[in-house]
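From first to last, the protein sequence lines stand for chains C, W and A. So the first sequence is numbered by my numbering: it starts at 6 and just counts up by one. So the second sequence is numbered by my numbering: it starts at 345 and just counts up by one. So the third sequence is numbered by my numbering: it starts at 7 and just counts up by one.
Calculated from the structure, these hints are not laboratory results. Quick caveat: nothing in here was measured; it's all calculated off a predicted structure. Accuracy of the hints is not assured; some may be wrong.
In silico lysine to aspartate or glutamate, EDC-like type, Cα no more than 16 Å apart, as pairs [unchecked claim]: (1) K477/W <-> D450/W; (2) K749/W <-> D697/W; (3) K823/W <-> D863/W; (4) K432/W <-> D228/C; (5) K525/W <-> E496/W; (6) K812/W <-> E228/A.
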Amino acid sequence: MRRFLLKRVASALITLWLLATIVFLIVNVLPGDVGRKILGPFAPKEEVAAFNHRLGTDRPLLAQYFTSIRRVFTLDFGNSFQSGQDVKSIIFSALFRSGKLALLAFVITIPISIAAGIFAARRQDKLADRVVVNVGLASSSIPEFVTAAVLLSIFCVHWKLGKVFANPPPGTSVIGQLEYLLVPAMAMVIAYFGYIARMTRAGVIGALQSDYARTATMKGLSDNQVMRRHILRNALGPTITVISVQIGYLFGGIIGVEKVFNYAGLGSTMLTAVGAKDIPVLQGAVLLVGIVYMLSTLAADLLIAYLNPRVRLETAR
Amino acid sequence: MTITSAPATTAALSVEDLHVTYNVRGIERAVLRGVTFHVAPGEAYGLVGESGCGKSTTAYAALRYLPRNGTISSGRVLVAGDDVTAMKSSQLRSFRANRASMVYQDPGQAMNPSLRIGRQVAECFTLLGQPDKQAHESALEALKKVRIAAPESVLERYPFQLSGGMQQRVVIAMALAKDPKLLVLDEPTTGLDATVEAEVLDLVRMLRQESDAAVLLIAHNLGIIRSMCDRVGVMYAGKIVEEGPSHQVFDSPQHPYTVGLLRSLPRHGVRKTERALATIPGILPLIGTDLPTCVFVDRCPIATELCRTVEPPEVPVGNVPGRFTRCHHSDRIGDIPQEPVNVDIAMLAPVDDNPEVLELSHVSKTFRQRGKAIPALVDVELNLAEGETLGIVGESGSGKSTLAKTMLGIESLDSGGLVSLDGHGLQASTVRRSAEDKRSMQMVFQNPDSALNRAWSVRRILLRSVHKLTGIKGAEANKRVEDLAEHLRLTPRHLDLKPRQLSGGLKQRVAIARAFAGDPRIVVCDEPTSALDVSVQAAILNLLADLQSAQRTSYVFITHDMGVVRYLADRIAVMYLGRIQEIGLTDDIFKGPHHPYTEALLSAVPSVDGEITTRIRLDGEIPSPANPPSGCVFHPRCPRAIAGVCEVTEPPLVEVSFGHAMRCHIPLEELRVLQQGE
Amino acid sequence: MSEPTSHDEVTEPTTLAFAAASEVPEPAGGVDAVIGGQPVSERKQARRENWRLIRRRPSFIIGTLIVTVWGVCALLGDRITPHSPLDYRSTPHLSPRGDFPFGTDATGRDVLSRVMAGARDVLKIAPLAAVLGVLFGVVIGMLMGYIGGWFDLGMSRIVEAFLALPVVLIALLAITTLGSSDWVVIGVVAVLFTPVVARTVRSSVLSERSLDYVTSANLRGEKRSFIMFREILPNVMGPIIVELTVRVGYAVFTVATLSFLGAGPPPPSPDWGAQVSDGYRVLGAGIWWTTFFPAAAIASLVIAVNLIADSVQSVLEAS
């Protein structure tokens, strides 16, 4: 198990390095004057030169690359172009707020979608199954911002059940914050429900068709016992992976949700940075999301290894 | 062990006019068309037949476990008098928990991969109402009962940590936990190595004496059924066409299908130089095909108009109770013609003075995995004469497939070895071999589904090979493809089909045609018939012999089937853990004295003829090539090993008589005495 | 390759096999077209059969209908819209009524006309991006799967790194540094889809490569490129077609999201995402139609494409 862990961490670090390289390449893909791009065509030459010097963008590309890689591993993303503030402090507090929203969304999504997936699998090809499958397909295909806008108009504007602006004032209690966060979280629940439910369903159906499920049934176990003792443990591996991947991918969708609800999370911070061409903030945020993805998939792999003796024992050998 | 047809009331299992359909794309298709048989308590009943005949469906229907699209449309299944088809789900559960068990093909898949063996076995006992602690102890007892080595440690392991033979023992232990009234075995040894299969079958035989369970055994291997079962039912297209005591059915079959099945097996030591094998023309009807009268009529050599209009009844045979054939013309069984010999025997016979085409000297192959060396072939020396067939036999891990790949350059051999063709050394890797060398050696693979490009038509497959191997193009190439097809008895219409539209036997013919596209000197056949039914196998073997006699092609024929290799091979090499243990003329290998491993392989074959061969049994598992034992690699399993010698030094491969070599410390004469004395 | 979790099957559930594995014990060769003595089948029967099965699925019919409607709107644009999509002359924020069934927006433009005309942007950009992404992905995936070794190992790592980020996020970063235009959006989305497609193709190629027909091709001395593109490629077309339909759905999704976030095609073109972005701020004032109709348009198109993808997938993976 320890060897498995070491291997897995090493592989995550390599991926992180490649990720940082990709991000560096995107930012530097067009040779040219960063200062000029940021300050615009009318800024005086000296100002542009000074700007470039301050950012270090006048240094050789290779030197910039090493700096950028070092920064990923030290979590130091430099300073914002716009405010000059430490990028780390900007994005970490934003990440914390987005994290709250995401956590709420997942706490709701995971039990509902796993239950729906198992329910559908046990009624394979019956009406209930088709409903889950098609609702899942539809809900996961709609962009989050669309769902968010519709929920906003129905729940917050029409029925006045939630807040149009999701930022709770400072000092709001945890329960009080729910009133602000529930509707935006629902938009994300709808987006992720389909993925996780369909994945669970596929895993359970696969396991139900397995030879060991047959053995268990022939032993004289009831359907519920077969499901609990034999199916779930083997079927949930892919589901766990999907959930971990979604935790990383959620930051793609959360931007739209935050924009609709004016929520000051990582997404809004990034949109502000896009508007101001504040590349360090944007770069830092992207890398941070990458790190979150690495950590969540790492956790998922460990959980799967714990559940699946084959993974645990064979890689350790 | 009674040999009677038990009346329904006292039978342990009674299947009565069972009809089962599968729903395929919205259409109900008949799979079982009225199956009736009875198994008495303590009796072993076998169902045989080729793939698709419905034997496994019958087994599963007996325990009411059908796939989601399967339905029992009529008929009953009684187990000790209770109708399984009418049980409510709670009754069915209790029935499965207390009275009936099943052992499956592919035991590795039959166990939950993420639970320890102990928990899975103990679960059977908790279902019988035992508390956890007692169930655990019972699980240990159950493993001891199936003679598993180190049962305490097996309880703590996971299924994937056990070998196939051990996995099947565990599954059997679970099946016997409840002391069942009915034990169903569905191809329990298919996929296991011969020596392991023999052990598992011995175990089942032994356990039967300790239990009064009725046994329903499903197998496609006729020898297994004969050696295990009191009575047998022969199935064809969802019906039992013949039934009776197994020795009677196999010794004097009374249904044309049974006759065809038995004749298509290479038996009684018959060789290709003596006669061709019989085949059954045509193919098995698809499930759901409309078959109003005799199900076998389209393939039957003695069918008459009567067979097409009136369904044959159960015709009693002799005065044996429960012995019948479902044939109008059982009195004319003797008229079924023998297949004419179409092989030019003269061309096949001589071996000695033919020129040598292939020679392997010091061929070794070492794989590397995670930095560890795994010797798959160790110092193999072989030669092959023109027109000769060299059989290579061995179990898994013996290196026989690696040997084939190494000859062909699919795997490159370790440095120091050499493969030479007509006296010139070949490049280790195919890519570097000359076009002429590539043309000279071709291969026929085990599984034609994998070997034929399914996106290509048969014509394109053959045309491409003709073009690449001979350089011929255009109309001339087309002509050659048509000639090839004709040789392989493929019709011109077959040429325009895709492989998936052909039956297994036809696909293998296409694969053989492709190998012969450039008139090869040598064709390596890697288990070319092991995925096929016996009647199709016979046709393929005949074809190979025919092609050989016409073209003087040499074959390297890899197989695990001793009957097939005896029929086709002129010489045989027996491999174990990457080494040739014994090599010699087919007669030398079969008549002995043989290497103890060869002896064990031969003893492991269950005979359709009911002969009892000298029986020695091997203990333990086949070691992994990654950790070969010291000294003679066979010593840990060898019942004749000499203590103090065999585990210390590896015996060299030495010639013991003309053209017969083996790797054994025991002198030939001593082996002869040992092997005759038993 | 013994990575602990195979991400291969799981990152995006729409690419999973939902079709129940065939559980019919069939005689070797399958039910419909096995022949022994007499051929009973035509050459292209398999393909026709698949197409027939796909066409019969209700989800395919509904999906195609919706896509066709939007396709017509995109092709004909302002030739069939009741008003000009760019015409400012009406009263702002009229609620839906007779001559403006979807109401008007903040500058008095007809929402219906803008929604109809808005199909053009997304239907121009998304399929093109998907096709390009699949094209690159197929080439890279074929090479990864067939050549294997260090090339595969290295590329797999890079693919993994790309997959660590949501497409929208990295596209946002790229478009910010490159500036926004149709071609930049197409290029960025295509490049970001490439790794996902490559991974799918790679795993299909890997399982093909282990089949004996490839060995046989080597034994008769075929070139690598022949084996890859003539032998293997036709056999992995199924997964590639599935991937293409799924990618078109994702492309619509991504392009809409990007334009909502302000990184799509520049204004004043009547893009759906941009319309939602303009409209949602006035939702609080009860003006729902400027948001709802373009949002519904996005949803209908994405769902329709996914319905098609799903039917194609169920049929191709079952066969």
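Verification of the supplied hints:
The straight-line distance between the Cα atoms of K477/W and D450/W is roughly 30 Å, outside the 16 Å bound, and the hint therefore fails. Simply put, K749/W and D697/W have alpha-carbon atoms about 28 Å apart, too far for the 16 Å limit, and the pair is violated. For the hint linking K823/W to D863/W, the alpha-carbon distance of about 15 Å falls within 16 Å, and the restraint holds. For the proposed pair K432/W and D228/C, the alpha carbon gap of about 14 Å is at most 16 Å, so the pair holds.
Taking the CA atoms of K525/W and E496/W, the gap is near 28 Å; set against the 16 Å cutoff, the hint is violated. For the suggested pair K812/W and E228/A, the alpha carbons sit about 8 Å apart, so the restraint of at most 16 Å is met.
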